[in-house]
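Trainee: Heads up: the protein sequence lines correspond to chains A and B, in order. Just so you know, our numbering puts 30 at position 30 of the first sequence, and the rest follows in order with no gaps. Just so you know, our numbering puts 1013 at position 13 of the second sequence, and the rest follows in order with no gaps.
Any given hint could be a false lead.
To be verified - Simulated coverage check for chain A against chain B, where a stretch passes if three residues somewhere in it have a Cβ under 8 angstroms from a Cβ of chain B:
hint: 1; stretch: 19–25
hint: 2; stretch: 43–56
hint: 3; stretch: 85–95
Just so you know, the hints here were simulated from the structure itself, not pulled from any lab data. For glycine and all other residues, C-beta sits at the position ideal for the given N, C-alpha and C.
Read off the chains here:
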Amino acid sequence: GAVVSQHPSRVICKSGTSVKIECRSLDFQATTMFWYRQFPKQSLMLMATSNEGSKATYEQGVEKDKFLINHASLTLSTLTVTSAHPEDSSFYICSARGGQGDPYGYTFGSGTRLTVV
Amino acid sequence: GIQVEQSPPDLILQEGANSTLRCNFSDSVNNLQWFHQNPWGQLINLFYIPSGTKQNGRLSATTVATERYSLLYISSSQTTDSGVYFCAVNTGNQFYFGTGTSLTVIP
């Protein structure tokens, strides 16, 4: 089945620095990828839709200048948390629609736990 | 946007017991999936089930699209079934997660 790889799985950074999270589709091409954020004991909230070769579409309330998304190829989307603050600490997950005929629908990466200190 | 509600929010089971988790959604959907999020946060695909019934081992799922709900059945529960179960629906290019059911299976 379709596989989505997300890296890193955990990252700790200092306030004010930037952190980049990568999401790769390993065995299929994904023109669209999605980024989610999950606070402790809560559901996943869609942050933005990443479109290959064009600008990302952000959900209401998500700061596009803080959460930079780049989808430069059909297999890679990146989320950069800029000037990170402790309140950005969260679990971030990406997903992509599988290849044609994929029976599993959307496949998710394993997530990145970001801690800003 | 579409509302996706799950019940119950929390569930504690004795090992070996059966359970039914419910997902209600407020509008027509193109796609519905059930996921298990393990203690490390990883989302595991359980079912892609926009309609009908599917079974995989001790798990099965039924979606009645016309009545806007889906059910996940867990039979003979095991401690490894513990975690949070999410349903998620897609209405085109938007994918919405439900509120989740936190399941604890005790030995």
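Trainee: Work down the list of hints and note, for each, if the structure agrees.
Mentor: Cross-check of the supplied hints:
1. Under the rule that three or more residues need a Cβ within less than 8 angstroms of chain B, the assignment of the stretch 19–25 of chain A is violated, with 0 such residues.
2. Coverage of the stretch 43–56 of chain A by chain B holds. Counting CB-CB distances below 8 angstroms, 5 residues qualify, and the rule asks for three or more.
3. Residue count for the stretch 85–95 of chain A with a Cβ under 8 angstroms from a Cβ of chain B: 3. That meets the three needed, and the coverage hint holds.
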